[in-house]
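Numbering (the numbering used here), first residue to last: 155 to 597.
No wet-lab data here; the hints were simulated from the structure. Mixed in with the good hints there might be a few duds.
Unchecked claim - Below, a list of computed lysine to any residue pairs in the SDA-like style, where the Cα atoms sit at most 20 angstroms apart:
1) LYS569 to LYS514
2) LYS264 to GLU197
3) LYS584 to LYS233
4) LYS584 to LEU594
5) LYS514 to PRO487
6) LYS254 to LYS327
7) LYS233 to GLY177
8) LYS264 to LYS327
9) LYS514 to VAL527
10) LYS327 to PRO487
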Amino acid sequence: MTDLDTLLAAFMTRAVGPGTLSGLGRLSGGANMESWAFDFAGEPYVLRRAPSAEYMADRPYGHVTEAALVMAAHAAGVKAPEVVGVLADGDGMGTGYVMKRVIAEVNPAKILASPPPSLVADLGRELARIHAIPAETIPDAIPHMDTAAALAELKARFLTYGGDRPAIALAIKWCEDHLSEPAPPVLVHADYRMGNIMVDADGLAVVLDWELAHRGDAHEDLAFGCMTVWRFGRLDNPAFGVGSLDEYFAAYEAAGGTPVDRTRFRFWLVYRTLWWALGCLQMGQAWRSGADTTVERVVVGRRTAEQELDLVLLLEEEAPEAERARALPASPPAAAAPAGEPTNREIVQAVRDWIEGAIKPRAEGHAKFEAVVAMNALGIVMRDLDAGTRAEDAALSAALMAGTTTLAQPGLLAKLRRAAIDKCAVDSPKYAALGAARSLWGG
């Protein structure tokens, strides 16, 4: 029995009564927090935790507030987890809380392969319920999002990361030019998407991961799950990869949600795609600073290319028709074939093959997940060494943010399209939108 088993067993005895703990194992999902599944007294639970208070230092609120919010949502009839206890300093397990575990499917690929017929309606209804949680039951520490201030913060963060990615600069300027008046605030889940819901045969079973919740515009939630990245390849179904926007919006409104404003929806679709592009860059910064040295961080850091491709697809309609019809320029030439001593690419290939043949087959649980992530990381390096593709252009980025260069400039859209395709082909070659962009743009 590990220290965590012992400490968790003692905590559960205090929280729910006597029993025996068994089957403790870390779940592979969760980009920011640890999740541990276990049984206690014959019932299934999940521990959601950060291993130290320092890990939570830059967050707007801690796990005590998050747990209180989840409990308020559950009490309001939302399909939120049922919290049974919140960790305290004396429990010796960091910060977090324990929930009853829902036995249902969370894997987006499995859900989208055969979604329950009610799922689009369930998603709209449940989001309306979240937005209707009484304001007086929401913990005071849950912040209010000022969209203009949040956009300014994204821009400042972009500049600290180099300020040299033109697709991101284009999106920042577009969002600045299309800010709407503030909407009546509701509780925004802010991570409502495939991967954070669980589904069983009857439909949506539970909504997970409330750590980003805040007060703000309902359209932010409406848009987030409709981003291309969260549709997991189901590009023909713009609502969560499951169905149409009309179905989704109708279900939301029928359940009491505010009438959907399509212009606001589009703004938030662009904004949250921009937000996630910078979120990916931030993952790389977390690794570089030493705050989180897992391989997963550097791999997610390279997923920025996916969002840059999506931003170009979202914003290209702003360009004149003649620019949208312009052919793409050629890609840079491929690297020369190796000769003589092993190249850097070949050394990386050898290490990747070793992980695949010797490490991955013997690994279990989270360790197997980490082995796959490491293989993905080395695959990116190999493709990068072959292609030599770069995405940075500080001068163009500055001009786009200043508005002195726009998509009306001859050849600019074609250049952005080519850069997005080539970079995504290196960093995320299996990204579904890459194939769609190539078909659309002739690349």
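Tell me the numbers of any earlier hints that the structure contravenes, in ascending order. 1, 2, 3, 5, 6, 7, 8, 10
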